[in-house]
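Enquirer: As a plain string of letters, each chain reads:
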Amino acid sequence: MALTNETIKERLVARFGEQLTNFEEPYGLLTFEAPKESNLKVLQYLFDDEELRFQFLTDLTAVHYPNMPGRELAVVYHLHNLRDNVRIRFKVFTASAQPDVFTATQLYSAANWMERETYDFFGINFVGHPNLKRILNVDEMEYFPLRKEYPLEDQTRIDKDDSMFGRGALPMTQQGPAEGPMSPNQPELPVSGAPVE
Amino acid sequence: MSVEHHVKLPEGSIEKTTTTLNLGPTHPATHGVFQNILELDGERIVSAEQTVGYIHRAFEKLAERRPLYQITTLTDRLNYCSSPINNMGWHLTCEKLLGVKTPKRVDYLRVIIMELSRISDHLICNSVVGVDSGAFTGFLYVMQYRELIYEIYEEVCGSRLTTNMGRIGGFERNFNSAVWEKLDKFLAEYPKVLKEFENLFTRNRIFMERTIGAGPISAERALNYGFTGPNLRAAGVDYDVRVHTPYSSYEDFQFEIPVGSTGDCYDRFLVRNGEMWQSLSIIEQAYRKIQDMKGAEAEIYHADAPLYYLPPKADVYTKMEALIWHFKIVMGETEIPPGEVYQCVEGGNGEVGYYLISDGGRTPYRLHFRRPCFIYYQAYSELTKGAMLSDAIIVMSSLNLIAGEMDA
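Order-wise, the sequence lines are chains A and B. Mapping of the first sequence onto numbering that gives the first Met the number 0: position 52 corresponds to residue 51, and the numbering continues sequentially without gaps. Mapping of the second sequence onto numbering that gives the first Met the number 0: position 250 corresponds to residue 249, and the numbering continues sequentially without gaps.
Rather than coming from a laboratory, the hints here were simulated on the basis of the structure. We treat Cβ as the ideally placed atom computed from N, Cα and C, and that holds for glycine. Be aware that one or more of the hints could be misleading.
Here are the simulated lysine to aspartate or glutamate pairs, EDC-like style, with alpha carbons at most 20 Å apart [said to hold, decoys possible]:
1. B:K181 <-> B:E153
2. B:K95 <-> A:E23
3. B:K327 <-> B:D303
4. A:K40 <-> A:D99
5. A:K90 <-> B:E250
6. B:K194 <-> B:E255
7. B:K60 <-> A:E17
8. B:K100 <-> B:E296
9. A:K147 <-> B:D358
10. B:K95 <-> A:E24
11. B:K60 <-> A:E24
12. B:K60 <-> A:E23
13. A:K147 <-> B:E63
14. B:K100 <-> B:D251
15. A:K132 <-> B:E48
16. A:K90 <-> B:E339
17. A:K147 <-> B:E339
18. B:K181 <-> B:E197
19. B:K184 <-> B:E195
20. B:K95 <-> B:E48
21. A:K90 <-> A:E141
22. B:K100 <-> B:E334
23. B:K103 <-> B:E250
24. B:K95 <-> B:E339
Facing chain B, a subset of chain A residues (Cβ under 7 Å, in silico) [claimed, not checked]:
25. Y26
26. G27
27. L29
28. T60
29. L81
30. S108
31. N111
32. W112
33. L135
34. L145
Based on the sequences and whatever the hints tell you, model everything.
Expert: So, in structure tokens, the structure goes:
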């Protein structure tokens with residue numbers, strides 16, 4: 000009895016209907032999206048359902064898309080059904096103005112540090128997390144370094160500019176001209192989701 | 000778990016009944032830069048709080064500014080006890096994104112290197128468990144065979160610890176005769192050494208009493224904590240990436256997955272030892288498969304992928320076309336398709352995953368490393384609760400924690 004991507008999709012759609020969107024299969028890995036309010040409902044269903052049984056949280060991280068207003072931050076879950084050996088990828092998008100996402104720590108103990116790491120680098124506020132504080136960076140840090148508004152190098156350098164090599168700025172990477180040194184309070188992308196101390 | 004406190008203070012005393020002990024960040028027994036704040040009642044651990052991040056180097060951010068080739072060097076520095084596995088994992092990720100198909104001989108060469116790395120990783124971990132229980136001999140004894148493995152790396156790629164080995168599509172050069180000679184020597188001598196190493200420990204009364212029952216975890220908790228690799232298998236779950244999601248032609252090999260039952264330090268030790276025997280068998284099988292290859296196939300060491308695989312250096316100096324490709328590849332100017340890839344390999348201490356998002360630019364849009372020991376180290380406080388202080392050390396070493404991997 001092999002659990003195929005089609006079966007998973009059918010069961011999920013039967014349960015959640017229109018809520019789940021953007022079903023894709025990049026490189027064979029079923030990927031879909033849910034509204035952030037129902038992330039726990041979907042995870043719980045994936046965990047409990049006797050056919051799906053996605054009970055192993057492989058990975059949890061986030062991605063920042065500054066050019067998608069209202070859905071700048073994506074939280075990405077990689078789940079694994081070890082019995083049938085099937086993996087899926089599940090995403091929820093949130094606005095960076097209010098990056099609140101429910102925590103998955105009740106379901107997976109592994110999510111504890113992974114969520115702390117995600118908070119540390121992206122500022123996702125995992126609501127209900129037992130100990131949401133920075134983990135790899137120093138506690139005094141005031142910004143979330145993996146967000147795209149913090150450039151890694153001096154932006155006045157032009158020798159590494161894509162457009163210098165006949166490749167124009169692409170839609171996903173297109174950013175306004177980055178300005179000067181890093182500042183935690185850039186007007187276009189306010190950093191919010193302050194830690195619950 | 001309620002722990003009875005043994006220190007009795009007079010009624011109304013404002014002093015604590017427990018002692019706070021900072022274990023680390025640079026304690027000689029911690030084998031890496033991590034700190035544990037232990038609350039001790041006498042010698043019994045009431046609670047442990049881990050602090051990580053002391054050698055965080057922002058690899059994920061750095062990777063967003065580097066072409067694919069320059070990221071290989073970052074992967075070296077994750078689990079530096081088995082860096083070739085990380086290198087190969089990264090190349091496999093790129094190959095998946097770029098659609099490069101590797102020839103069988105490349106896969107087998109990679110398997111040989113990856114299994115050698117696994118042996119060197121387990122070797123260090125298991126012998127350090129010995130050191131922490133007071134048996135130093137094993138550690139010194141096996142060190143010369145790790146040295147031999149490092150010499151093989153050196154012949155293959157020129158470096159030993161942070162190997163930066165291989166390319167997208169294969170290896171930078173074919174294995175020379177010294178590699179095969181050293182591999183022959185290793186395969187001939189190592190089984191005896193491993194047997195002797197096992198004799199030193201497996202039925203050693205002191206070692207058994209120190210490790211049996213130390214830091215146990217049930218299969219259910221281990222899964223919930225995201226354990227992978229030998230630590231999960233010691234708890235009795237036969238999950239191995241090499242079998243469940245085969246990569247680099249692992250499906251062509253016959254091997255067993257050793258499993259334990261209690262998930263304590265002793266089982267973890269036995270599982271690692273068992274895996275070393277399996278790795279030896281896999282290396283022998285790969286060696287035989289390579290020897291059976293005939294004609295042109297027997298000389299292949301890289302895929303035919305001129306867009307991503309550097310041309311031979313001699314051509315770069317003499318041929319215009321090769322020079323152009325060399326420049327384009329080094330500068331990261333070849334076409335990278337947009338896409339989203341998750342690729343995992345069985346690393347020395349668990350499932351090493353690479354989550355790569357490419358937007359078609361010269362560098363990854365986002366790269367995330369799934370670092371097994373970062374994920375399972377959170378179970379440490381649960382594993383050591385109620386244990387003795389000396390168990391805290393041995394549990395830490397038997398989990399095979401690598402600070403470089405944990406902090407990325």
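Enquirer: Do the alpha carbons of B:K95 and B:E339 lie within 20 Å of each other, as the hint requires?
Expert: Judged against 20 Å, a Cα distance of about 10 Å means the pair holds.
Enquirer: Please work out if A:K90 and B:E250 have their alpha carbons no farther apart than 20 Å.
Expert: Roughly 31 Å separates the two Cα atoms, so the pair is violated.
Enquirer: Close enough to count: is the Cβ of A:L29 nearer than 7 Å to one in chain B?
Expert: violated (11 Å)
Enquirer: Should the interface hint for A:G27 be scored as holding, given a Cβ-Cβ cut-off of 7 Å against chain B?
Expert: violated (10 Å)
Enquirer: Hinted pair, alpha-carbon criterion (20 Å max): A:K147, B:D358. Please report holds or violated.
Expert: holds (14 Å)
Enquirer: Mind checking the CB of A:W112 against every CB in chain B and telling me if the closest is under 7 Å?
Expert: holds (5 Å)
Enquirer: Is it true that the CA of B:K103 sits at most 20 Å from the CA of B:E250?
Expert: holds (12 Å)
Enquirer: Holds or violated: B:K327 with B:D303, Cα cutoff 20 Å?
Expert: holds (17 Å)
Enquirer: Compare the distance between the alpha carbons of A:K90 and A:E141 with 20 Å, and conclude whether the hinted pair is satisfied.
Expert: Outside the cut-off at roughly 26 Å; violated.
Enquirer: Have a go at the A:S108 hint: is there a Cβ in chain B nearer than 7 Å to its own Cβ?
Expert: The hint holds - A:S108 has a Cβ within 7 Å of chain B, the shortest such distance being about 5 Å.
Enquirer: Would the pair B:K60 and A:E17 pass a check requiring their Cα atoms to be no farther apart than 20 Å?
Expert: violated (35 Å)
Enquirer: Mind checking the alpha carbons of B:K184 and B:E195 for me, to see if they're no more than 20 Å apart?
Expert: Judged against 20 Å, a Cα distance of about 17 Å means the pair holds.
Against the hints set out earlier in the document, violations occur for numbers 5, 7, 11, 12, 18, 20, 21, 26, 27.
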